[in-house]
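Q: In case you want the letters, here they are:
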Amino acid sequence: GAGVSQSPSNKVTEKGKDVELRCDPISGHTALYWYRQSLGQGLEFLIYFQGNSAPDKSGLPSDRFSAERTGGSVSTLTIQRTQQEDSAVYLCASSSGGIQYFGAGTRLSVL
Amino acid sequence: GQNIDQPTEMTATEGAIVQINCTYQTSGFNGLFWYQQHAGEAPTFLSYNVLDGLEEKGRFSSFLSRSKGYSYLLLKELQMKDSASYLCAVRGTNDYKLSFGAGTTVTVRA
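As they're listed, the protein sequences go chains A and B. Everything in the first sequence is counted per my numbering, starting at 118 for the first residue and increasing by one. Everything in the second sequence is counted per my numbering, starting at 9 for the first residue and increasing by one.
So that you can see chain B by itself, here it is in the shape it has in the complex (with noise of 0.2 Å):
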């Protein structure tokens, strides 16, 4: 099975920067991806790391260490839109469903 910690709330003012921390514990690992979920809306796909490091999309990067069962999610130049809910996701090996944290609340105040 998949155990998927991340924390509840995050709190950050416009402009600043926050990481986001994802730890998991799984049979399997083929993947780890975060999502961006506003209320009431779909959540929406930000990443994906199969391999250990950094990648980059913007404002927005994802970590991944596989030994250490840990990625991060870094949002940089917050912005009031970025207010919403952070998705932490991970697919295991010859599995194609993904098994997800609870989410963690980011409110970007002014």
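This is chain A alone, in the form it adopts within the complex (with noise of 0.2 Å):
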């Protein structure tokens, strides 16, 4: 596609739920990343996947989060047992080089 897809834009869970968050990234690009932002703070790095090469988990807050990467394309973020403090917009970006261009996120809400 054009740009990074994410999807669902919007998702409401219960504390305790597991959910699942996807992005499609630029067609071609190689770096794929996620970030979390949360209300008053900045972007904070979540994994990075580069090629066939192993993440970098180390940005992930808990063992609570993962995420895959299939073909080398399509991203899946899993949060299991959601907690409030979980709630933040979860941003993707993807990159070819130096740029990342990122979509637009998945806003997330634990009640």
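In short, the hints are calculated from the structure, not lab data. Be careful, since some hints might not be right.
[What the hints assert, rightly or not] Over 10 Å on every C-beta distance to chain A, these chain B residues come out as not near it, computed from the model: (1) E64; (2) G77; (3) S107.
[Claimed, not checked] Heads up, incomplete: computed chain A residues facing chain B, CB under 8 Å, no partners named: (4) A148; (5) L160; (6) F182; (7) I216; (8) Q217; (9) F219; (10) G222.
Even glycine gets a Cβ: it sits at the ideal position worked out from N, Cα and C.
From the two separate chains plus the hints, produce the assembled complex.
A: Structural data, given as structure tokens:
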């Protein structure tokens, strides 16, 4: 597609439920990133995929968070047993060089 | 680690100039980026500086001083559509991920 696509755009869930967030990167981009944007705070790095290399998971806040990238394209971020502090906008970006291009994000609300 | 500071809010008048400062303290440096983000939308790339000096792109310019750990984004001939959040981000040496400041919300008034 023309840009990075994320779905759903909004997700409301109950505390304790699992959620899956999807990211479709720009076609041909080998690098994919997930960030979290909380109110009043800067974007926080979560995880990075580059080609077939092992992902950098150093930013994942807890073992409830995991991510996959299938076929070097689409990525899914999974949050298990959601907590209220997980409420944020989750942004995906892709790049083929230095500049990262972002999707519009998924706004997650945990009630 | 990275520590990136920028003002929280700025207000300016349509047609005027606004300068958004960003200071950083990093364990390594491999470029500074500015993004624009309208509410509920994706951050969009504005500029990239890796060497000292001024980069000009139409109404937007970005400046970098590596020795001072300092950058600014200059917005000229402000338009109402420039009302948005402006994000300063730093990439560390041998590092691919970006570290972001909290963003500066610019409000343009008529």
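Q: Against the structure, test the hints numbered earlier, and report the numbers of the ones violated in rising order.
A: 3 and 6
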